[in-house]
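Chains as they are written, first to last, in the numbering used here: chain E, 1 to 314; chain U, 1 to 314; chain D, 1 to 314; chain P, 1 to 314.
Among the hints, a few may not be true.
For chains that are exact copies, the list does not tell them apart, and a pair is met inside one copy or across any two.
[Claimed, not checked] Restricting the straight-line Cα-Cα distance to at most 25 Å, the calculated cross-link-like pairs of lysine to any residue (SDA-like) are:
1) Lys161 x Ala78
2) Lys161 x Pro289
3) Lys161 x Gly136
4) Lys161 x Arg75
5) Lys161 x Gln11
6) Lys161 x Ser117
7) Lys161 x Ala307
8) Lys161 x Thr194
9) Lys161 x Ser292
FYI, nobody ran anything at the bench for these hints, they're computed from the structure.
Protein chains: 4
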Amino acid sequence: MSFEPQRLSAQSAGVFVISVTPFTPEGELDLPSTDALVDFYLERGATGLTLLGMMGEAVKLTAAESQRFVDHVVRRVAGRAPVVVGVSSAGFAAMRELTAASMDLGAAGVMIAPPSSLRSDDQILNYYAGVADAVGSDTPFVLQDFPLSTGVVISSAVILKIVERHANCVMLKHEDWPGLSKVSALRAAQAAGTSRRIGILVGNGGMFLPEELERGADGAMTGFGFPEMMVDVMRAHAAGDGERARDLFDAYLPLARYEQQPGLGLAVRKHVLAQRGAIRSATLRTPGPVLSAADVDDVHRLMQRQARRLEALS
Amino acid sequence: MSFEPQRLSAQSAGVFVISVTPFTPEGELDLPSTDALVDFYLERGATGLTLLGMMGEAVKLTAAESQRFVDHVVRRVAGRAPVVVGVSSAGFAAMRELTAASMDLGAAGVMIAPPSSLRSDDQILNYYAGVADAVGSDTPFVLQDFPLSTGVVISSAVILKIVERHANCVMLKHEDWPGLSKVSALRAAQAAGTSRRIGILVGNGGMFLPEELERGADGAMTGFGFPEMMVDVMRAHAAGDGERARDLFDAYLPLARYEQQPGLGLAVRKHVLAQRGAIRSATLRTPGPVLSAADVDDVHRLMQRQARRLEALS
Amino acid sequence: MSFEPQRLSAQSAGVFVISVTPFTPEGELDLPSTDALVDFYLERGATGLTLLGMMGEAVKLTAAESQRFVDHVVRRVAGRAPVVVGVSSAGFAAMRELTAASMDLGAAGVMIAPPSSLRSDDQILNYYAGVADAVGSDTPFVLQDFPLSTGVVISSAVILKIVERHANCVMLKHEDWPGLSKVSALRAAQAAGTSRRIGILVGNGGMFLPEELERGADGAMTGFGFPEMMVDVMRAHAAGDGERARDLFDAYLPLARYEQQPGLGLAVRKHVLAQRGAIRSATLRTPGPVLSAADVDDVHRLMQRQARRLEALS
Amino acid sequence: MSFEPQRLSAQSAGVFVISVTPFTPEGELDLPSTDALVDFYLERGATGLTLLGMMGEAVKLTAAESQRFVDHVVRRVAGRAPVVVGVSSAGFAAMRELTAASMDLGAAGVMIAPPSSLRSDDQILNYYAGVADAVGSDTPFVLQDFPLSTGVVISSAVILKIVERHANCVMLKHEDWPGLSKVSALRAAQAAGTSRRIGILVGNGGMFLPEELERGADGAMTGFGFPEMMVDVMRAHAAGDGERARDLFDAYLPLARYEQQPGLGLAVRKHVLAQRGAIRSATLRTPGPVLSAADVDDVHRLMQRQARRLEALS
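Chain E on its own, in the form it takes in the complex (with noise of 0.2 Å):
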């Protein structure tokens, strides 16, 4: 590699965009069509790059496919933004292994969801130790919360656990709902001094990024089939002007509302990536929903009339 890998850290801000992962009609890897995917993203602002995750349909590859895919990703990139990698899985081994894969083709970092089997503090806990010891001590990780996927729910109290625990757990992928309250009181225990500062990167298609980003949020780490949006009411906040966060949020709202169904949504989001043009297929590997010709027409039509809007507010 002739760049310089970028490291995950606990500064680490801006907008993760979760990215897809493109297939052929056939359903194949499509390695190509991930160049045009990887430059769409990057042109439109992303911070980094978030493979592998829920929505990159990371259990339909097998273990080869996901390194080859993050191999692909992380040349494509070229050092231009940090890449981060969903190792989560049913077992350490195959967690151990993905990771170290990833690290060596040059990630940034590793994400990990927890098991739907866990329950209690001490089983969340029990279970970041072995996360911590699986990826390794050198290789930063995101927890990543999201309650509403995985049934599982951790307290404010067991993140700051994990984090006072583990060093190497550097960012919160936060999609708790209701979550606010979460993100206030992590920075709250970080204010007062009794936790060290990690970043906060939200979930859940950035449907709450502004309330997130006034409590404190540093960004996003999700997935939207216009990622500027999340680029854009970042930028309007940082520059102060949160009426105007708002306005471009809501005008991006009533798509991101059809983007987030569960079930149908990465359905949604990888047809108007491709009606962008920034993937060849919007097919999705088996088992997975197919849009209807209903659903098609009512993405363009949300499609036409957010572009007016957004042309309102230019």
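Model the placement of chains U, D and P on the given structure of chain E, informed by the hints.
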């Protein structure tokens, strides 16, 4: 009773507001405040009211309180609108008791969500056979299909079988995600003559109302601090002005989204209703969330922005 | 009442039989049959009775029926044994109501399992703070820890905190799997003086009774068609004859195993009790399983083999 | 390969032992120890072996390790018995890969449990359509029906549809609870000519083996530290001596029950196997339970009592 109680039927349509249950700051049932709430809902254009839904804190009431609340509301409504009562219960004996009492008091019908233990199609069909028996063949009932909350997945085929087997199943409260295709499938079965008509009212706080109306929904049975949103969107849709329906919808969407946060949502809704004078206290019975100062600020800001945007639309 | 009601305490021990609730073949509460059942349990050596547990079909009774059943049993027991009442409920208002009524009627205490929605330690602790308030500081309560059924994992640390915070938590109904280490941990905390003593009665149909007694359990709070198994195993254990305790246990195990089948178990138990003359009808309220002819053959064969084996042991 | 690989068929029957996966004390795959284990199972009378089941710690292996283990076992078995491989996976790509590799290596077929996200009948049928495609029409597969672990309820009707639609579904690994009626229902459908024959092997550690054999099961596909229990019970059953079958079963039941503890069970099984010399180390890969000294005492005592009782039966 001096008025003729209305009965729910397969032709019922419009906006049935899922009513909150008002409590005093001490947590007692606030019947005087209920009068104002009923009037508020009807003045905003509600076609009907639905009591003791999940957002009506039904599980927090004793059996006696439930009956007292139904009695009070039905008397206040005084025939101006049909009143549906949520009678979901862990056992059929309690369901039978509340149903009989509610219908005696003048309710138009009852609503039942499945218990979260159901899994297979047969289990669901057997359960609704028990429901149809428990509520009695004379009592119209609404099937509540809300997998995000119940964890029970009811396919279109199963809904059609329940409709076929039980003549008193007259309405679907649809809040599946993704659910637009389900509305389409049910309407297609009706159009093809393979199923009789039932009413389809949508839920989820109306978050997909414009699209659902276009797929053939008859209205909404859900709650929101501004129930006039649903009324006005439906009117514009009925008038053939889909763009205006969406303009109105979009104006309310930022707050609707905030109110749809799992866990926190009902506290937001009650706060808004209290702000608007519809109830005297925003109190939820314990266990229940309490809004932080930051949450309240968020809500007020969203209300202000919403007012400005509606002003611009008028 | 002419007798002094007994109160559950941290010293309570022995076999508290989880009572079935007898119904007529038509599904009505069978109070006359209840008299025979109470006498049956006490004559087999039960130290106490626990009503309205999961295996008491509690959720299938109306609030009024629950109170009527408690009243009837307490009167029949007439001070011969303490009566504990399961008051688990979806809401605190109903729990408060049934608790107050039960204690007024002469119950010795109440039992509460957590609702299946609880996940994190804080959620569980908050819930039991609500429980302690709802039942009142004068009412001794049993914490039911049954993750296989509730899906809620309560760590030993959380149990110890509940015990520390709420003086009226006097007993654990332990039926975690694997749970032997939990009994050991709780007894170790008590021995170390870091926690006060509570009673630990075991559940799961007594399927691990010999081992649990050796770890320090005070008895059992569970059901079985032959409750004398638990009484006799405890007596042999108390007499220091662990081998005989296990011989007796082993003789009953094949049937106990059959009765522990999730879903079908209660129908087996009621069939056995009806066979033994303890109840008049083995009817379960709907929805509930019905034994097939083959199931009945299995049960009878197991009963015959059990009788032969006990004969050989006597 | 110098031997002809056996293929699983709808006529397959007997005891397919769910093999543990041996690890060194350091947690590495212990292939030398695997040789002894294979021989142990076959010498105790196993008809076949099933690798990489839930009790084979399948999720803790990397894809490469899984293939290496299958390869090693198949070579050691050397045609003496059919080898089935568990290929359950979060995604079809990984399932396809492991299936192809296993069949190439000489496996007799594969086994697939449903992912815990499945709910409705249609979802299950669609999933197994995907399975049938992923494993390929030439590969015989076993449907694993284990709701206690997966949370997925598969009705008899759905099983019959899967059997009808996919000729390569040749066997059911039945471990539903209560499940005896399911065995009866499937055999009745076969007897009535409405369904073709499939093999039905039972699970749950054989805890219901005598009753299941009487209902028409063809054997067992499960694990236990004393797999000869299943072999001997089957032989007595096949010889028409149901009482002896039950005498033998009852002798093993106390330990079988102890080994069936969720969570702890596999540690018990590996301890017993290590005690018996079948594996060198009882190590489980993390995360996994570790037996306490008291647990070990329990197991040894149960083994001693079991030995005495078997002695008395011989």
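Status of each hint after checking the structure:
1. Taking the shortest alpha-carbon separations for Lys161 and Ala78, neither the intra-copy value of 35 Å nor the inter-copy value of 51 Å comes in at or below 25 Å.
2. Taking CA atoms no more than 25 Å apart as the test, Lys161 paired with Pro289 passes between copies only; the shortest distance there is 23 Å, against 38 Å inside one copy.
3. Taking CA atoms no more than 25 Å apart as the test, Lys161 paired with Gly136 passes inside one copy only; the shortest distance there is 18 Å, against 34 Å between copies.
4. In the homo-oligomer, the alpha carbons of Lys161 and Arg75 never lie at most 25 Å apart, since the shortest distance is 36 Å inside one protomer and 48 Å across protomers.
5. Proximity of Lys161 and Gln11 under a CA criterion of 25 Å is satisfied intra-copy only: 19 Å inside one chain copy versus 37 Å between copies.
6. Taking the closest pair of Cα atoms, Lys161 and Ser117 come within 25 Å of each other both inside a single copy (20 Å) and across two copies (24 Å).
7. Taking the shortest Cα distances, Lys161 and Ala307 never come within 25 Å of each other, neither inside one copy (45 Å) nor across copies (43 Å).
8. In this assembly of identical chains, Lys161 and Thr194 lie within 25 Å of each other by CA distance both inside one copy and across copies; the values are 11 Å within and 23 Å between.
9. In the homo-oligomer, the alpha carbons of Lys161 and Ser292 lie at most 25 Å apart only across protomers (24 Å), although the nearest pairing inside one protomer, at 46 Å, exceeds that limit.
The structure shown violates the earlier hints numbered 1, 4 and 7.
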